[in-house]
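A.B. asks: Next come the chains, spelled out residue by residue.
Protein chains: 2
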Amino acid sequence: MILSASSVHALRAVAWLAAHENGEAMLGRDLARQVNVPADYLSKVLATLARGGVLTASRGVKGGYRLARPASRIRLIEVVLPFEGKRAIPGCLLRPGHPCRESGACSAHPAWGRVKDTYTAFLEKTTIAQIKGGS
Amino acid sequence: MILSASSVHALRAVAWLAAHENGEAMLGRDLARQVNVPADYLSKVLATLARGGVLTASRGVKGGYRLARPASRIRLIEVVLPFEGKRAIPGCLLRPGHPCRESGACSAHPAWGRVKDTYTAFLEKTTIAQIKGGS
DNA sequence: GGTATTATGGACATACGTGTCCATAATCCT
DNA sequence: AGGATTATGGACACGTATGTCCATAATACC
Numbered sequence: 001m002i003l004s005a006s007s008v009h010a011l012r013a014v015a016w017l018a019a020h021e022n023g024e025a026m027l028g029r030d031l032a033r034q035v036n037v038p039a040d041y042l043s044k045v046l047a048t049l050a051r052g053g054v055l056t057a058s059r060g061v062k063g064g065y066r067l068a069r070p071a072s073r074i075r076l077i078e079v080v081l082p083f084e085g086k087r088a089i090p091g092c093l094l095r096p097g098h099p100c101r102e103s104g105a106c107s108a109h110p111a112w113g114r115v116k117d118t119y120t121a122f123l124e125k126t127t128i129a130q131i132k133g134g135s
Numbered sequence: 001m002i003l004s005a006s007s008v009h010a011l012r013a014v015a016w017l018a019a020h021e022n023g024e025a026m027l028g029r030d031l032a033r034q035v036n037v038p039a040d041y042l043s044k045v046l047a048t049l050a051r052g053g054v055l056t057a058s059r060g061v062k063g064g065y066r067l068a069r070p071a072s073r074i075r076l077i078e079v080v081l082p083f084e085g086k087r088a089i090p091g092c093l094l095r096p097g098h099p100c101r102e103s104g105a106c107s108a109h110p111a112w113g114r115v116k117d118t119y120t121a122f123l124e125k126t127t128i129a130q131i132k133g134g135s
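Read top to bottom, the protein sequences are chains X and G. Number 120 in my numbering belongs to position 120 of the first sequence; there are no gaps in the numbering. Number 74 in my numbering belongs to position 74 of the second sequence; there are no gaps in the numbering.
Don't read these hints as lab results, they were simulated from the structure. Here the structure is a predicted model, which means the values were calculated and not measured. Beta carbons are placed, not taken as given, at the ideal position from N, Cα and C, and that holds for glycine. Be a bit skeptical, because a hint or two may be false.
As the list claims (entries may be wrong) - Cβ pair distances, simulated, as ranges:
| id | chain 1 | residue 1 | chain 2 | residue 2 | range |
| --- | --- | --- | --- | --- | --- |
| 1 | X | Gly133 | G | Asp40 | 44 to 52 Å |
| 2 | G | Arg33 | X | Pro110 | 22 to 30 Å |
| 3 | G | Arg29 | X | Pro70 | 52 to 60 Å |
| 4 | G | Glu24 | X | Ala129 | 54 to 62 Å |
| 5 | X | Leu27 | G | Ala121 | 37 to 45 Å |
| 6 | X | Ala25 | G | Ala68 | 57 to 65 Å |
| 7 | X | Thr120 | G | Gly133 | 18 to 26 Å |
| 8 | G | Arg33 | X | Gly85 | 45 to 53 Å |
| 9 | G | Asp40 | X | Arg69 | 43 to 51 Å |
| 10 | X | Pro110 | G | Asp30 | 26 to 34 Å |
| 11 | G | Glu24 | X | Gly97 | 31 to 39 Å |
| 12 | X | Ala39 | G | Pro38 | 46 to 54 Å |
| 13 | X | Gln34 | G | Ile77 | 33 to 41 Å |
Claimed, not checked - Taking beta-carbon pairs under 10 Å as the criterion, some of the chain X residues facing chain G (in silico):
| id | residue |
| --- | --- |
| 14 | Glu84 |
| 15 | Ala88 |
| 16 | Arg95 |
| 17 | Ala111 |
| 18 | Phe122 |
| 19 | Lys125 |
| 20 | Ile131 |
Let the hints inform the model, and build the full structure from the sequences given.
C.D. replies: Okay, structure coming up:
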């Protein structure tokens, strides 16, 4: 249920970036201060997001970070996946990693299936634009 | 979203115990084999469950583990809480650990709140009896 | 071209979850 | 009482997430 600290850092940073876009790139250290995350650690997170195509990074004087696309076209799953890995898509309750087919033996599925589907739908359908007001 | 390995071990063990109750106590090593978990590690998990009042443990020749109550009166949250800690009850998406009030500023709440509530309701209302068929 | 500025990357430290190994305590049976 | 059986607890090993520190590469500005 709980996202890793890196995932939360990433979400907070991207959401803040989306809420304060003004055409200029944002410095890593400013972003770290605004989002209240250690700057040296956030820089790694941001680099990962840049490699993943969510952010664009530029070095030098007028450098910093920007969203690679409008916030309405960035889904939470894209931000979170590099840090959560396969754990982002939950499987069977009692057999993590297994596909968890509805028809099967596990009687936990009726209840667990709803949780699982609600969660995955949240990550796959929610966009950064719907989050950016949050803090 | 993902429960810790210890929580899953605990759920599997308790569910298996519930599905195979026959009046006799079950040996830790047999339980470990059935549930496919390292015996020396599962023993710690089972000890925690016994301390938590979910299981009763008895030593000696006819010893082993039993459910402390009928499976229909053991809720998943009781099994999982000792291993998940406060993480078992998710908070605000972008501020883990915060109460996450609906009225507040965070625009993630409409979508995230449903996920959160579905998850906590699952843990608090589902009983072992509804799980024990699973494997 | 040179210098300041910024992101990038590597090395390292720490904490914790998971797992292993072994000695000890409690209990049952003869 | 004594020995076999079983759970309990402590010490240790290992990998990974998180976080820190510092050198290096890329870029803008003069």
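A.B. asks: Give a verdict on every hint.
C.D. replies: Okay, the hints, checked on the actual structure:
no.	hint	verdict
1	X:Gly133 <-> G:Asp40: 44 to 52 Å	holds, 49 Å
2	G:Arg33 <-> X:Pro110: 22 to 30 Å	holds, 29 Å
3	G:Arg29 <-> X:Pro70: 52 to 60 Å	holds, 58 Å
4	G:Glu24 <-> X:Ala129: 54 to 62 Å	holds, 59 Å
5	X:Leu27 <-> G:Ala121: 37 to 45 Å	holds, 43 Å
6	X:Ala25 <-> G:Ala68: 57 to 65 Å	holds, 59 Å
7	X:Thr120 <-> G:Gly133: 18 to 26 Å	holds, 24 Å
8	G:Arg33 <-> X:Gly85: 45 to 53 Å	violated, 30 Å
9	G:Asp40 <-> X:Arg69: 43 to 51 Å	holds, 50 Å
10	X:Pro110 <-> G:Asp30: 26 to 34 Å	holds, 29 Å
11	G:Glu24 <-> X:Gly97: 31 to 39 Å	holds, 33 Å
12	X:Ala39 <-> G:Pro38: 46 to 54 Å	violated, 40 Å
13	X:Gln34 <-> G:Ile77: 33 to 41 Å	holds, 36 Å
14	Glu84	holds, 9 Å
15	Ala88	holds, 8 Å
16	Arg95	holds, 7 Å
17	Ala111	holds, 5 Å
18	Phe122	holds, 5 Å
19	Lys125	holds, 8 Å
20	Ile131	holds, 5 Å
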